[in-house]
Each structure stands twice: as structure tokens, then as C-alpha cells.
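Enquirer: Listed below, chain by chain, are the residues.
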Amino acid sequence: MEDEQSFSDICGGRLALQRRYYSPSCREFCLSCPRLSLRSLTAVTCSVWLAAYGLFTLCENSMVLSAAIFITLVGLLGYLHFVKIDQETLLIIDSLGIQMTSSYASGKESTTFIEMSKVKDIVINEAIYMQKVIYYLCILLKDPVEPQGVSQVVPVFQVSTEPLPFPQCNPPPVLSAFPPRLFFSRGGNLCGQSM
Amino acid sequence: MACRGRGGPGQPPSAALSPVSPGSLSASRTSAHNICMVSDFFYPNMGGVESHIYQLSQCLIERGHKVIVVTHAYGTRKGIRYLTNGLKVYYLPLKVMYNQSTATTLFHSLPLLRYIFVRERVTIIHSHSSFSAMAHDALFHAKTMGLQTVFTDHSLFGFADVSSVLTNKLLTVSLCDTNHIICVSFTSKENTVLRAALNPEIVSVIPNAVDPTDFTPDPFRRHDSIITVIVVSRLVYRKGTDLLSGIIPELCQKYPDLHFIIGGEGPKRIILEEVRERYQLHDRVRLLGALEHKDVRNVLVQGHIFLNTSLTEAFCMAIVEAASCGLQVVSTRVGGIPEVLPESLIILCEPSVKSLCEGLEKAIFQLRSGMLPAPEDIHNIVKTFYTWRNVAERTEKVYDRVAEEAVLPMDQRLDRLISHCGPVTGYIFALLAVFNFLFLVLLRWIIPDSIIDVAVDATGPRGTWTHQHPHSEDKVEDSGKCKTR
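Chains as they are written, first to last, in this note's numbering: chain U, 105 to 299; chain F, 5 to 489.
Just to be clear, a hint being listed does not mean it is correct.
Claimed, not checked - No farther apart than 25 Å at their CA atoms in a straight line, the calculated lysine to aspartate or glutamate pairs in the DMTMM-like style are these:
1. 212/U <-> 192/U
2. 236/U <-> 453/F
3. 82/F <-> 190/U
4. 387/F <-> 222/F
5. 246/U <-> 225/U
6. 366/F <-> 381/F
7. 99/F <-> 54/F
8. 82/F <-> 225/U
9. 222/U <-> 250/U
If you're looking for bench data, these hints aren't it; they were derived computationally from the structure.
Given the sequences, and given the hints that come with them, work out the whole structure.
Expert: What follows is the structure in C-alpha cells.
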């Protein structure tokens, strides 16, 4: 079973959410955003080169031009390899754990696995981020020393250039269905199975 | 579901919200407002303004309005927090400049405040305290965005010294196009109207309130063999600590069974300690130092007479609290104090040592002759005077009135600024208002209102918080899920 919905992220970009139901205890959520558009690539490259050319006419040093080319290339590679995320997948298997995979535009993939015994809760939280106030989904990890405490907060779905966006619509679909404290119960709700 | 609890038909043409108002605008109660309280002063900071905002918000929530509070970050307390009954508080990361008031440039807070106003679908901005730069900033931005504005003034000012002149000028600019202003007493209203050159018709008087259940008398806690005078105030010049240092030795010589308990901290504490030292009154004058609000009642019930020596006061909460605890109040006749309590419960004196001593002697005489009513009776009279529910009801009327008024469009606002605030200041602030508007246009271009998330209402007509109550059947499946929490 599979369905697909589209949302916009916090900057108004488009996001597609795919949900796959493998079995009652296993689900996959996949959030993908459009690939790097030729338009923005051209715009950035042109502006860097124009600035470099302006500088070149001022100081008449050809080093500026080669530096600009070098910077553009390195910047593009770095952006594709470390910043631009094309797809993020959240695979949840009840009783086993949560696997988060992000695939970058360069093809690099990074995977994190969180054991279900370490997960304390999954919550949607509100935060002030830059000049915005946003909702984000995160996983709370149990503190091994103190069972009631939270040792770490792991944000999920860091798609697009923003570190903590949540697929946004008016209001976010998951939120409208949940009480104000915005807690999911552990595993159970996400996998559609009570613990 | 996207649009919750808007102002209803009385809604003015609000440019800020129009792109996102869908056709599903439900016929919500016309009287339900989305209110945003803005002030630099809020919990965990303690004081009159803070508790005023909190109590008023709670009572407004009870009346079915949506209320949020915006303040600046206090230490590690930043971000978004929920208080009792889903009162949402935004602690914004803005720099604190002086005395818990943020620095202002009139512009830097616009992006965040606009984001909050849009995502919370705020219709009325209610700013508190003229000392708070953030409150004035919010008023300025709200007017640019075309939202209704209300301002509550909590203090009295002079007219003579440089700082008052400057603050008054700023207040004139800030309030000249504000929809409505609330003052805590008639004296405060007069003062504000004069300071800010306002039309008195847009100024309402709504007094502060006390929670009478927090201040109940307990006659068994006091010793009837001696007479105890309680003073609870900050020990600063404004509160008349110098007068107090004159009264103590005079009366202690006259009445050997007179004791003083003084609560509060401040730069003038040293004077009281000197007096105590010089007249050897260590066993009769107790200095308690700073008191927490919850401890005030325990101090008050130990005394028979409450003395207030303030030199200026917009609305004295302390004397209401004392009277609610059943004490006889002796106070200076300054500011709004004569309006606060009826003649029978208060002895008013001129702010001089001689007059205050006479007032205290009169109180002591009444006490000895048994002419004073019992503490329980005083409490029962006072508890009906000032309640937060009453304050909320009256504030709601102000909101209803404001919601029907139109916000000044940009050109009229500029005219108002130029004609009201003097040639130089007027033009400067008109220019700033134009810049602010252009900044807003830029922000709207970068992040259009339509892509800003709508926040989940915790309170208000569609508040999710109230759905926790068992009477909402449609949330049964949710409560089933909640069990596993």
C-alpha cells in the first residue's frame, strides 16, 4: 500500500511525502524535494562570476577570475555533497527501531539507526529558528542513567537547505489530529499498533 | 481547520491576514478575540506587571478568548513554553539592554513579531508598561501591519526631569495612533492623558486586582499584647523610605509596645539600619529583606496596622493586599491611592513625617479602643472590590470596542504623527513608519503570509487544550492514544 501527498516546506518549496505500509508493524515515510534547479545554479554562478569580473576590472589581476572559477566549482561540489538533501527516508519497524536515511544530491547516503529501546518518545516541537517560528519532528532518546530524563533530541526530516523544517501545510496534518502536548506515544501510533 | 477563531464579521480589512483567510471562516463567536500580550516583563521576572499579564490572560482564556504572551528570553528560558490552561508564551531571543528592558531599533524585532502575529492569527495587540521597549516596538509594528492595538500603562511619571521628558515624548509618539489605552486609576489616566497629549475618550480606567484567596486574615498569628506595624515595599526613594526612617524613632519613643516589621530590599535599607542602630531598636524593628510574593501574606497577617509611605503610586496593590488580610491601612494621599479603598478602611495622610505620625497614632488609638472592625469583616468587604474576573470582563469590553474601530491607514497615520508629535519628532517618526512599512513589504516578498504555518491553538474557541476535557466526544480516539503516554 502506498500513497503520496505534496506539501510545501517552510520556505514555500515543494515537498513530496510518500508513505509505504509494508505490514502493520512496519512503515516507511519518504520525503523528497525537487533536484537542484538549473535556474538557481545559473543565477548563483552568474552572480559570483559577475562580482569577480567587477573586481577584476578594478584591480586588473587575473588571479581573481581563476579564484572565482575555483570557488564556484568547490562550492558546488560541497553544496551537493554536504548540504543539498534530495530525499529523506524514515523507516519504522515496531519492536526493532527507527532508521533514518538521507541521500544527498551527490549520491552520498548517510544512515542512522535508533534502537526502539532507546526511544523515549517522538514529538512535534515548536522552536524559534532564525527569524521564524517553526514546527519540527524529533525523536527523544532515553537517558541511560536516569530513566525519566531525555539525553538527546534527534531532529528528523532535515530536507532542503533548512536544518529543521517540517513538511508544512495549514495546519500540519499530524498536528491537527493530536492533542496540544503533541506527543506521539512510543512507536505505537506511528506504526498503527498499540504497544 | 486552517483558520481558527478569527474576529468574525467585525474584522477590519487586515492586509496582513487577507492572503491566507480561506472561505472556511467559521461563524465563531463574534466576541472571541485572538489577543497577543506583549511586554518585556513576564515570569520568571516578578512584579506587578508580570502578575497582571498572567492573571488577566488566565481570565480571558476562561472567557473563551485565545491569548498568547510575547516577551524576551530570560537566561536559559527561551523558545516557546506553555503555562497553565495552555497559555502560550514566546520567549524571543532579543538582547536585554537595561533593567530587563530590551534594546530597541524599531526594526530588528519586526521579522519575528510579524511571523508570530501571522501564525497565531492575532487580531488585537495588547502591550503593557511604558518602560518596556518591546511593548512599544510591537505597537509600532502592529500598526504597520494594520492590527488593532491596546496599551496598558502601569506607572505614573513626572514632567520635570530629563528622563521623564524623553519618555513622555516617546509615549506621545507611541500612543498617538494606538486604538485604546487602559490606565489603572483615574490619577494614572490624568497623568497619561497629559503626558501623551491624548484624547481622554480613548483612555479607559480598569484597576488592578488581587487574588483574595491568597490574602486571607489569620488573627491568631498576631500578638495582641503588642501593636505591630507592617511595611512591605521596595526600600527606594519613591516608596518614601526616608519618611519611614523619621517615623520609627518618634513613635517608638511614644509607644513602648509598638513593633515594626519591614519587608523589602533596596538601596535605602542602610538608612533604616542606621536608625535602628542609633536608637537601639533591634528588638522592635525587624528588617526581613527581600520577600517573595507568596511570603507576603505570612508577613501581613502578623500585624495590626499596615503603613504605606509611597511618594508616587498609580494604583497601590500593597494596600489592597493588606486590607484583604484584615489590617488597618495608613497611607500617604498621593497618586491614585485615595481611589483605591473607601474612607472607612484607610487613614490618609500628607506625605510628611508629622502627618503620618498623626495618622498612625489615630490608628493605634482606634485599635486600643476596639473601634476597628474585625479582620474577617474587612476581608469580606475588600474581597468584592478587585477581582481578576471583573478586570477581564472590563478589558473584554475594551477589546469589543476596539475590534469595531478601523485601524488608521498609512496616509492618515503619517498625518497623525506629523500633526500630533511636533514638527521635528513627527517627521522623524513618520519617516521611520514609512521605512518600517517598506521593511514589511520586503519581508512579505521574501516569506509571503500564505506560506507561514498556522499555529495550533492551545486556547480560544477551537483550542485543543480544552478538548482534553472529557466532554468532547470527537476526540475519543485521541484520548485512547494519550493513554500510552
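Enquirer: Please go over all the hints and tell whether each is borne out by the structure.
Expert: Status of the hints after comparison with the structure:
Only pairs whose Cα atoms come within 25 Å are accepted, and residue 212/U paired with residue 192/U is accepted, the gap being roughly 12 Å. Annotation: proposed proximity of residue 236/U to residue 453/F holds, straight-line Cα distance about 12 Å (limit 25 Å). Of the supplied pair hints, the one linking residue 82/F and residue 190/U is violated, its CA atoms being roughly 32 Å apart against a limit of 25 Å. With a C-alpha separation of about 15 Å, the suggested pair residue 387/F and residue 222/F falls inside the 25 Å cut-off, and the hint holds.
The hinted pair formed by residue 246/U and residue 225/U meets the criterion: a straight-line CA distance of about 8 Å does not exceed 25 Å. With a C-alpha separation of about 20 Å, the suggested pairing of residue 366/F with residue 381/F holds against the 25 Å cut-off. For the suggested pair residue 99/F and residue 54/F, the alpha carbons sit about 19 Å apart, so the restraint of at most 25 Å is met. Note on residue 82/F and residue 225/U: the hinted pairing holds, with a Cα-Cα distance of about 22 Å set against a maximum of 25 Å.
Taking the CA atoms of residue 222/U and residue 250/U, the gap is about 12 Å. The hint holds against a cut of 25 Å.
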